[in-house]
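Single-letter residue listing:
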Amino acid sequence: MKGVVTALLVAAVVLVQAAVVNRLPLPWGVGPDLVVLAVAAVALRTGPAGAAVTGFCAGLAVDLLPLADHEAGRYALLYCLAGYLVSRYGRVEGRGRARVYGTAAVAALGTAAGFALLGTVLGDPRVSLAAAAFAVPVSALETVVVGPLVLAPMGRILRAVSPDAYVGSYPDLPAPVRSGGGIGGWRG
Amino acid sequence: MRRDGPRPRLVLVLLVAASIALMVLDGRPGTDPVTAAGRAAAGAAFGPVAGAVSAAARPVADGYRALAAAPGAQERIEELEARNRRLSAELDAAEQDGVRSERLADLLHLSGLGGYEVVPAQAVTRMGSGGYAETVTLDVGARDGVAPDMTVVDGHGLVGRVIRASHATSTVLLFTDGASSVGARMEGSREVGAVHGKAHELDGRAPAVLELMQADARIEEGDRVVTMGSHNDAPFVPGVPLGTVTRVRDTPGALSRTAELRPAADLGALDVVGVVVAGPAEDPRDSVLPEKPDGDAARAPREVGR
Chain Z
7 MKGVVTALLV AAVVLVQAAV VNRLPLPWGV GPDLVVLAVA AVALRTGPAG AAVTGFCAGL
67 AVDLLPLADH EAGRYALLYC LAGYLVSRYG RVEGRGRARV YGTAAVAALG TAAGFALLGT
127 VLGDPRVSLA AAAFAVPVSA LETVVVGPLV LAPMGRILRA VSPDAYVGSY PDLPAPVRSG
187 GGIGGWRG
Chain P
95 MRRDGPRPRL VLVLLVAASI ALMVLDGRPG TDPVTAAGRA AAGAAFGPVA GAVSAAARPV
155 ADGYRALAAA PGAQERIEEL EARNRRLSAE LDAAEQDGVR SERLADLLHL SGLGGYEVVP
215 AQAVTRMGSG GYAETVTLDV GARDGVAPDM TVVDGHGLVG RVIRASHATS TVLLFTDGAS
275 SVGARMEGSR EVGAVHGKAH ELDGRAPAVL ELMQADARIE EGDRVVTMGS HNDAPFVPGV
335 PLGTVTRVRD TPGALSRTAE LRPAADLGAL DVVGVVVAGP AEDPRDSVLP EKPDGDAARA
395 PREVGR
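Protein chains in written order, with our numbering: chain Z, 7 to 194; chain P, 95 to 400.
Chain Z extracted, bound-state conformation:
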């Protein structure tokens, strides 16, 4: 149940990103990244492995959908890492709206920076330092601004379909638990 809902939600967000946001004639040339928000919202309520798979699938979809002009796999890699890291480290230290949004903001900034970095590494001629210095903060800022629009409804829906999730019943652990331990598990 939860898996289906998660897949549907992420798919919907990916479609919205590709069909609506990426087409908006935004004045700065870069738009908010809704997909990283969706991945973060899922990752905050899922184990690292599930979050990584979710991010990979979402990223692959973004890579393959039309208008994508980069090598397939860039966003898959980035969202996969983002999902894993958010799930692994973002969930542990308590909760609260500020933390959720802060985590999403870090994820957004990291994704944007990672995309620029990957472009540089892969020799994308469009990604220059000046362009990245403008695009990365602007994109992250836009993502943070529209964050509540994605995070709040997704968090509510995910909470509704799995009321017994970690968040909320989570103890304030002083340190992240080691992998393979009890906390970071795959929750189906």
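So, partial list: chain P residues that the calculated Cβ filter (under 8 angstroms) puts toward chain Z:
1) P102
2) L109
3) V110
4) D120
5) T129
6) A136
7) F140
8) A144
9) A151
10) Y158
Simulated from the structure, these hints should not be mistaken for lab results.
The beta-carbon is built from N, C-alpha and C at its ideal position, and this holds for glycine as well.
Start from chain Z and add chain P according to the hints.
Okay, now just chain P, sitting in the frame of chain Z:
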């Protein structure tokens, strides 16, 4: 409740490896079958969605575009409107100038023929106080040498006389006004009479009526009439075309003969007129009249002149 799933790190490493493999595959020159197939499938799935979103979002997108362009658009609209106003005003002015120069040429021609010294003027308003009087206001006045009881002509004939002259404007009583009478003389003959304005008569079919003193005077349609001239050229200088006879009234037994007259000047569309500030040295007689048209005598001379 908490159970160990697949090892997260293993999953992560696998996925990262898959991503990098994809990038490497897709980054190579040429098309890679795996990613090409993936892109084709994604494109096929995305097409209908994108189409639907486009259809649904077109109003929103248009509105957004309009909003984004709104500040500039307002300025642009104002700029274009101002430009439009200016251009149409220039166009009007150019057309107006053409008409005016034509009329001014006519006026100069007429005054040259008659030896009149004229002050060119613009008919500013045509006002009838209470709808009775036939008067126009000119944009020349006493500062231009205009004084009451001066003759006003346009390029084709008599207009009227100045009845009031202020510093910068003057008022002209058209000769078709009900209170106006002009001494007249038939072209070619010595028959004299008077032209009375009939512009607002109840039975008014003609704006002016010619009344000849001699009851048995010969008069026909198409005969033309000029001013007889007043004493000291005030209020009317001699020789200005008045109009053309359009209908002779059959009045047996009357002491005078009357005929309806069509004014030579187009009094309905006055534009450039001239105030005769000095009359001719001698009576120009019929020399101001244009060549008499052959055949259709009822046509106005000015229509032939064009």
